[in-house]
Amino acid sequence: MSSPLLTQVGALAQRSVVRTARQPASAIPPLVFPVLLLLVNSGGLKASTLLPGFPTDSFLAFALAVPFIQGALFSMVNAGTDLARDIQTGFFSRLSLTPVRGSALLAGQITGIVVLGIVQAVFYISVGLVLGVRFAAGPAGIALLLVYAALVAIAFGGLGSFLALRLGSSESIQGLFPALFVFLFISSMNTPRDLIAVSWFRFLATINPVSYLIECVRSLIITGWDTRALVLGFGFATLIAIASLGAASWALGRRMERT
Amino acid sequence: MARDNSIVVEKLVREFRKGPRAVDGIDLHVAPGEIYGFLGPNGAGKSTTVLMLTTLLPATTGSARVGGYDIRTEGPKVRSVIGAALQEAALDPLLTGRDHLKLQTMLQAVPKAERKPRQNELLDRVGLTEAADRKVRGYSGGMKRRLDLALALVHRPSILFLDEPTTGLDPQSRTALWEEVARLAREDNVTVFLTTQYLEEADVLADRVGIIDNGRIVAEGTPAALKAEIGRPSIHVTPVRDDDRSVITELLGRFGEPLGSERDLAVRLREGSGLVDVIRAMDADGVVVDDIELRAPTLDDVFLAKTGRTLEGAAAEKTVAPSVR
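Which chain is which? The protein sequence lines are C and P, in order.
Residues are numbered in my numbering as their position in the first sequence, beginning at 1, plus a constant of 33.
Residues are numbered in my numbering as their position in the second sequence, beginning at 1, plus a constant of 13.
Where hints are given, some of them may not hold.
Said to hold, decoys possible - Away from chain P, derived, C-beta distances all over 12 Å, residues of chain C: (1) 45; (2) 66; (3) 76; (4) 84; (5) 119; (6) 132; (7) 138; (8) 160; (9) 175; (10) 176; (11) 199; (12) 240; (13) 283.
As the list claims (entries may be wrong) - Which residues of chain C face chain P? A partial, calculated answer using Cβ under 10 Å: (14) 40; (15) 41; (16) 43; (17) 44; (18) 48; (19) 51; (20) 53; (21) 55; (22) 118; (23) 124; (24) 128; (25) 130; (26) 136; (27) 137; (28) 269; (29) 271.
What the hints assert, rightly or not - Label pairs and their computed distance ranges (CB to CB): (30) P:24 to C:38: 35 to 43 Å; (31) C:179 to P:169: 52 to 60 Å; (32) C:38 to P:71: 39 to 47 Å.
In case anyone wonders, no lab produced these hints; they're calculated from the structure.
Note that the Cβ used here is the ideal one computed from N, Cα and C, for glycine as well.
Use the sequences and the hints to build the structure in full.
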């Protein structure tokens with residue numbers, strides 16, 4: 034990457050992080066809400082661990098994977114909202130008047146999301162450790178989890194950027210939030226897929242990529258080094274990242290239609 | 014070699030889908046170092062012209078060269094020589110003034126060693142040194158506009174586009190911005206293309222004015238020449254009672270052509286008629302008025318003469334008319 038491009042990416046990433054840090058109303062929910070939901074679920078669904086074949090006797094350890102994906106969804110919506118607001122306020126036009134390249138704009142935006150994704154992951158891991166969760170994959174697994182969090186942030190950040198660039202309205206992005214959360218709820222977030230008794234739900238959870246994103250994290254926490262779960266998780270995250278970044282680049286090209 | 018910082022526009026057109034021609038074949042020539050005032054009501058086509066000239070919106074047909082570069086085929090080169098403060102100060106409320114300048118100097122590829130001095134110089138120039146480390150959301154409208162101007166100047170552009178830079182500002186902030194813009198043109202030889210809907214702004218600041226209405230330039234020249242073209246002064250009368258309006262209108266009609274003023278009764282005086290003649294006639298007819306005023310021609314009169322409407326009236330029409338874009 035050339036030096037001017039690096040400078041541009043760095044400047045835009047720094048802005049993205051500074052913006053988030055300066056609006057606690059956006060920065061705190063992705064940290065706090067998933068943890069609150071984790072605590073509520075692990076209290077209310079503790080009895081699930083008594084099901085024959087449940088992979089662990091700690092529901093907290095089982096459910097700790099969910100905040101990673103929930104947090105990424107929150108970040109995606111926040112990042113998309115910020116970018117859409119830039120378009121609405123004309124800040125995006127200001128950037129378009131500089132020599133900034135589209136790739137730098139997107140990379141800067143995504144880098145900011147990745148930094149926040151890693152901060153979130155560190156927070157969730159710390160909460161898990163404090164509450165007594167022991168990571169089956171050990172310190173190397175935790176390190177891999179941070180890499181995975183970065184990859185998921187890229188995937189979801191690309192999706193948020195694409196939506197923002199297409200819709201150009203922060204209200205529309207926020208309106209999509211419940212729809213995106215549906216993917217989380219029809220996944221294996223609360224029950225292992227092979228223990229879901231309702232066939233249509235099991236089918237939907239099986240074809241839902243979010244299930245594999247969660248199961249990848251879960252494997253590092255409760256199983257150890259599960260190659261299949263890791264390949265599926267990293268594979269789907271990579272595919273989503275490629276697709277969303279491709280779509281965002283296309284949308285950016287349309288949005289930055291300069292002569 | 015000296016930079017060409019002129020703007021040359023030929024038959025520029027912008028059509029929006031299912032809409033009218035927002036810009037309908039305009040021709041312009043702005044000389045280096047000139048302040049060109051682009052005057053017109055809301056929706057006349059001013060901002061669309063600026064967006065095309067700054068390469069942010071492709072022209073439908075026609076051509077333009079900005080700083081010697083073709084806006085259609087040399088977009089990056091055009092952007093390298095222009096600065097722009099578009100309508101509404103496009104600022105991030107969560108960043109400080111200094112953050113904005115830091116970001117802009119980095120994106121404009123200002124060499125690292127020059128970034129901080131340039132930021133400080135511009136903050137000082139627009140009078141924001143003390144407020145530099147405050148978040149922009151706490152800035153007044155005038156401060157935001159001044160920061161917007163500073164950001165447009167980061168890379169030392171030779172041509173500056175200002176789209177309604179003083180809309181919504183208090184008189185003090187407006188005057189401060191005018192002084193800075195005038196200084197840029199006089200001392201730094203920056204060409205300034207300024208859109209405005211304020212007559213006074215165009216009159217005070219612009220070397221030449223182009224008046225645009227419904228996407229077409231209806232008049233162009235120095236403010237003095239345009240006003241001289243209209244020539245004769247006008248008389249404006251405010252009646253005491255509404256019942257007197259028809260009598261006064263008839264009386265004024267003896268001295269000139271009626272003007273379509275919404276606020277008062279007015280005529281453009283015929284050659285050989287003067288204020289004294291009108292007052293004598295009023296005395297003779299026993300007409301009592303609340304106020305009578307002799308006015309030298311203004312740019313509003315020029316607009317009225319060219320379009321049959323006042324600028325204020327044209328703006329109101331645009332506000333009422335449904336949007337078709």
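Structure-based check of each hint:
1. Chain P draws residue 45 of chain C into its interface by the beta-carbon criterion, the shortest separation being 8 Å against a cut-off of 12 Å.
2. Even its closest Cβ contact with chain P, about 22 Å, leaves residue 66 of chain C beyond 12 Å, as expected for a residue assigned away from the interface.
3. The claim that residue 76 of chain C lies off the interface holds: its Cβ sits roughly 37 Å from the closest Cβ of chain P, which is beyond the 12 Å cut-off.
4. No Cβ of chain P comes within 12 Å of the Cβ of residue 84 of chain C; the nearest lies about 47 Å off, and the non-interface call holds.
5. Its beta-carbon lying about 8 Å from the closest one in chain P, residue 119 of chain C breaks the requirement of being farther than 12 Å from that chain.
6. Its closest Cβ contact with chain P, about 6 Å, brings residue 132 of chain C to no more than 12 Å, contrary to its assignment away from the interface.
7. The claim that residue 138 of chain C lies off the interface is violated: its Cβ sits roughly 9 Å from the closest Cβ of chain P, which falls inside the 12 Å cut-off.
8. Annotated as non-interface, residue 160 of chain C keeps its C-beta farther than 12 Å from every C-beta of chain P; the closest such distance is 27 Å.
9. A cut-off of 12 Å between C-beta atoms confirms that residue 175 of chain C is not in contact with chain P; the least separation is 32 Å.
10. Non-interface status of residue 176 of chain C relative to chain P is upheld: no Cβ of that chain comes within 12 Å, the nearest being about 32 Å off.
11. For residue 199 of chain C, the condition that its CB be more than 12 Å from all CB atoms of chain P holds, with the nearest at approximately 18 Å.
12. Look at residue 240 of chain C: its CB is around 39 Å from the nearest CB on chain P, clear of 12 Å, so calling it non-interface holds up.
13. Listed as outside the interface, residue 283 of chain C is consistent with that label: its C-beta sits roughly 18 Å from the nearest C-beta of chain P, beyond the 12 Å cut-off.
14. A least Cβ separation of about 5 Å between residue 40 of chain C and chain P falls short of the 10 Å threshold, and the interface hint therefore holds.
15. The criterion of a C-beta within 10 Å of any C-beta in chain P is met by residue 41 of chain C, whose closest approach is roughly 6 Å, and the hint holds.
16. The interface hint given for residue 43 of chain C is met, as the beta carbon of that residue sits about 8 Å from the closest beta carbon of chain P, less than 10 Å.
17. For residue 44 of chain C, the shortest C-beta to C-beta distance to chain P is roughly 4 Å, which falls under 10 Å, so the interface hint holds.
18. For residue 48 of chain C, the interface hint holds, the least distance from its beta-carbon to any beta-carbon of chain P being 6 Å, beneath 10 Å.
19. Against a cut-off of 10 Å between C-beta atoms, the interface hint on residue 51 of chain C holds, since the closest Cβ of chain P lies about 7 Å away.
20. Nearest Cβ of chain P to the Cβ of residue 53 of chain C: about 9 Å, under the 10 Å cut. The hint holds.
21. For residue 55 of chain C, the suggested interface contact is upheld, since its CB lies about 5 Å from the closest CB of chain P, less than 10 Å.
22. The criterion of a C-beta within 10 Å of any C-beta in chain P is met by residue 118 of chain C, whose closest approach is roughly 9 Å, and the hint holds.
23. Using the Cβ-Cβ criterion of 10 Å, the hint placing residue 124 of chain C at the interface with chain P is satisfied: the shortest such distance is roughly 5 Å.
24. Checking residue 128 of chain C against chain P: minimum C-beta separation of about 7 Å stays under 10 Å; hint holds.
25. With a least beta-carbon distance of about 6 Å to chain P, the hint placing residue 130 of chain C at the interface is held under the 10 Å criterion.
26. A least Cβ separation of about 13 Å between residue 136 of chain C and chain P goes past the 10 Å threshold, and the interface hint is therefore violated.
27. Annotation: residue 137 of chain C was flagged as interfacial toward chain P, and the flag holds, the nearest CB pair being 8 Å apart, inside 10 Å.
28. Against a cut-off of 10 Å between C-beta atoms, the interface hint on residue 269 of chain C is violated, since the closest Cβ of chain P lies about 34 Å away.
29. The interface hint given for residue 271 of chain C is violated, since its Cβ lies 30 Å from the closest Cβ of chain P, which is over the 10 Å cut-off.
30. Our hint of 35 to 43 Å for residue 24 of chain P and residue 38 of chain C holds, since their Cβ atoms are close to 38 Å apart.
31. Taking the beta carbon of each, residue 179 of chain C and residue 169 of chain P are about 43 Å apart, not inside 52 to 60 Å as hinted.
32. In this structure, residue 38 of chain C and residue 71 of chain P break the distance hint of 39 to 47 Å, their C-beta atoms being roughly 26 Å apart.
Checked against the numbered hints above, the structure breaks hints 1, 5, 6, 7, 26, 28, 29, 31 and 32 and satisfies the rest.
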